[in-house]
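Asker: Protein chains in written order, with my numbering: chain V, 877 to 1179; chain L, 196 to 478.
Be aware that one or more of the hints could be misleading.
Claimed, not checked - Below 30 Å or equal to it, Euclidean Cα-Cα: the simulated DSS-like pairs (lysine-lysine) are:
(1) V:Lys949 to L:Lys390
(2) V:Lys912 to V:Lys1036
(3) L:Lys330 to V:Lys992
(4) V:Lys1013 to L:Lys390
(5) L:Lys330 to V:Lys952
(6) L:Lys384 to V:Lys990
What the hints assert, rightly or not - Sample of chain V residues facing chain L (criterion: CB under 8 Å; computed from the structure):
(7) Ala934
(8) Ser955
(9) Leu956
(10) Gln958
(11) Val960
(12) Ser966
(13) Pro969
(14) Ala983
(15) Trp985
(16) Met1010
(17) Lys1013
(18) Ser1015
(19) Leu1017
Stated by the list, open to error - Negatives, chain L to chain V, calculated, CB over 10 Å:
(20) Ala321
(21) Pro324
(22) Leu342
(23) Asp378
(24) Thr408
(25) Ile456
(26) Asp464
(27) Leu467
Quick caveat, the hints were computed from the structure, so don't treat them as lab data. Beta carbons: idealized from backbone N, C-alpha and C, even for Gly.
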Amino acid sequence: MSKGFLEIENLSQRFPQPDSPDLMTVFEGVDLGIEKGEFVCLIGHSGCGKSTILNVLAGLATPTDGNVIMDNKEIKGPSLDQGVIFQNHSLLPWLSARDNVMFAVRARWPNWSKAKRLEHAEKYLKMVGLDDAMDRKPSQLSGGMRQRVGIARAFAIEPKLLLMDEPFGALDALTRGVIQEELLKIWSETHQTVFMITHDVDEAILLADRVLLMTNGPHAQVAESVKIDIPRPRTRATLHQEEAYYPIRNHLVDFLVEGAKVMSAKAQEAAARGDNPRHSPRSVNPANPEANPEPGPRMVRAV
Amino acid sequence: MLSNLNFRATLLSIAILVLFLGVWQLATAPEALIPQQGELSEYEQLMGAGTDRRSSSSGIPAPTEVFAHAFSELSNPFYDAGPNDKGIGIQLAYSIYRVLLGFALAALIAIPFGFVIGMSPLLNKAFDPFIQVLKPISPLAWMPLALFVIRDSNISAIFVIFICSIWPMLVNTAYGVASVRNDWLNVAKTHQLSKVRTAFTVILPAAAPTILTGMRISIGIAWLVIVAAEMLVGGTGIGYYIWNEWNNLDLASVIFAILMIGVIGFLLDASLAQATKLVRYAD
């Protein structure tokens, strides 16, 4: 495997359990690479450790085993190289939308003049369509607008890696659709490397270059890497007319409904046998199976 | 709708006030209707009965007397005719000065210290037993010790204010700092803020409403305590003034002073309530 921009190596997370001396293994042996400028979504059932992986990438959590290397440097703690958009916006409620973004810009470029910071912050707020709401406090903004401020704040610091933990999970379906397209627009302008967690299969197909599928915990694994072979620019309105849309969608839904369970049962058996859990996700291209011949199961334990 | 409610509430307040003053006036009215029974005895004349027809039967002054007295006091609040005869303004100024000084010293120590123990679960737990034991002690219980150690009654009174103001500010600051939302701390972390910057740009604004609430409780308690403290240490201040007028059996002055204590206490509280508004944020 070539060294990508972001390399996750043999990542495992185990937690002590309240009523057992054994550690509970949330996920283990995850090997994963992400290219620069790639938009990757991670889908899996609740409790499989998606957010933990994201927090490790953000530097907010320390994995039990393994490490993450970004741009040839190990991620050891939170930094301005990793921008994070949380599900619950996490804006500072005593600051206006503009000051929330300014807060981040100031942290990133402490030596900039105030005018330059202001210009930079407003550029990103305008990008998410908040021209008229910059002076408002988060409590005076709708849920969708708050999340837009969060997006502006994260993009404004121009991080090497943008992490999003179900950023639209708390929004209603209509707002979510609008913001997804805005996100797509901003991303096509900036080409950030994005790692995003979502529950929404359609959201993942709309946004991602690649969707990573996670099996259920405990002993969860990142089982598949599904290529989203749909040309950009994509729009919500025309997405379902793409030839590749339904094969991809069916594959993802099948995995979530059946595959995740079957594979996690296998993984738990393998763990009980004591197999080496280290694995890379299997590459899949449901839209064009011929073009991307399956390299066969790459899970070490399945051999 | 709201203005209508405010208007009706004001009307009701005025009605309650009028009713209260009316009852007070009637209850303290001279018993003119009861006819004097015959000539006063020689003893009664010696004791001064019958000389003051206006004084009420109970000895409590009527509201009209209190207001007349209040008017004369307030028209010249800063006169100074010796140690036992100073204007109400001077006495209140002494009390406010002691309260503000003791309160400010307490804030200077309680807020930074509360910040530190709020940020450290270890210190929080370690100091908790001391705080819990020291907090419920009546501040006046410190007075003898303060007098002995400090050997100055004025500074002892300020110390008593200091010690009673410190606890609510300390506890509230520690609580406010400890319960800053993890999301906001994560924002600070992901933006690589230094500890000091995090403290000033994230934790302080987040905890400010709780800290201000502690300050508001503190100044309320301090104003309650100063009256008692000044009754003990004497010399100056509104507490001493009340005690002095009690010794003079001048109840109109006592009632007037009680009202003034209420008004100043209200103003102190209202000013901190206003300050709380400045730092409050809607979540």
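Asker: Now, for every hint given, state plainly whether the structure supports it.
Answerer: Outcome of the hint check:
In summary, the hint linking Lys949 of chain V to Lys390 of chain L is supported, as the alpha carbons are separated by about 24 Å, within the 30 Å threshold. The suggested pairing of Lys912 of chain V with Lys1036 of chain V holds, with an alpha-carbon distance near 9 Å, which does not exceed 30 Å. Restraint check for Lys330 of chain L and Lys992 of chain V: not satisfied, since their Cα atoms lie roughly 50 Å apart, outside the 30 Å limit. Between Lys1013 of chain V and Lys390 of chain L the CA atoms are separated by roughly 25 Å; this keeps the pair inside 30 Å, and the hint holds.
The straight-line distance between the Cα atoms of Lys330 of chain L and Lys952 of chain V is roughly 43 Å, outside the 30 Å bound, and the hint therefore fails. Distance check on the hinted pair: Lys384 of chain L and Lys990 of chain V sit about 22 Å apart at the alpha-carbon level, within 30 Å; holds. Below 8 Å, beta-carbon pairs count as interface contacts, and Ala934 of chain V has one with chain L at about 6 Å; its hint therefore holds. A cut of 8 Å between beta carbons decides the hint on Ser955 of chain V: the least distance to chain L is about 5 Å, and the hint holds.
Contact between Leu956 of chain V and chain L, as hinted, is supported at the beta carbon level, the nearest pair being about 5 Å apart and thus within 8 Å. Among the interface hints, the one on Gln958 of chain V holds; its C-beta lies about 7 Å from the nearest C-beta in chain L, closer than the 8 Å criterion. Given hint, Val960 of chain V at the interface with chain L, holds; its Cβ is 5 Å from that chain's nearest Cβ, closer than 8 Å. Taking 8 Å as the C-beta cut-off, the interface hint given for Ser966 of chain V holds, the closest approach to chain L being about 4 Å.
Contact between Pro969 of chain V and chain L, as hinted, is supported at the beta carbon level, the nearest pair being about 5 Å apart and thus within 8 Å. The criterion of a C-beta within 8 Å of any C-beta in chain L is met by Ala983 of chain V, whose closest approach is roughly 4 Å, and the hint holds. The restraint placing Trp985 of chain V at the interface with chain L is violated, with a minimum CB-CB distance near 12 Å, outside the 8 Å limit. Look at Met1010 of chain V: its Cβ only gets to about 17 Å from chain L, farther than 8 Å, so that hint breaks.
The criterion of a C-beta within 8 Å of any C-beta in chain L is met by Lys1013 of chain V, whose closest approach is roughly 7 Å, and the hint holds. Hint on Ser1015 of chain V holds. Least Cβ distance to chain L is approximately 4 Å, under the 8 Å limit. Checking Leu1017 of chain V against chain L by beta carbon gives a least distance of about 11 Å; that is not within 8 Å, so the hint is violated. Non-interface call for Ala321 of chain L relative to chain V: holds, since the shortest CB-CB distance, roughly 25 Å, exceeds 10 Å.
Listed as a non-interface residue, Pro324 of chain L keeps its Cβ farther than 10 Å from every Cβ of chain V; the least gap is roughly 28 Å. Taking the minimum C-beta to C-beta distance to chain V, about 45 Å, the non-interface status of Leu342 of chain L holds against the 10 Å cut. Not every beta carbon of chain V lies more than 10 Å from that of Asp378 of chain L, the smallest distance being close to 4 Å; the non-interface claim is violated. Every beta carbon of chain V lies more than 10 Å from that of Thr408 of chain L, the smallest distance being close to 16 Å; the non-interface claim holds.
Every CB of chain V lies more than 10 Å from the CB of Ile456 of chain L, the least distance being 35 Å, so the non-interface label holds. Distance check on Asp464 of chain L: its Cβ is at least 23 Å (rounded) from any Cβ of chain V, clearing the 10 Å threshold; non-interface status holds. Residue placement check: Leu467 of chain L keeps its beta carbon more than 10 Å from all beta carbons of chain V (closest about 19 Å).
In summary, the numbered hints that this structure violates are 3, 5, 15, 16, 19 and 23.
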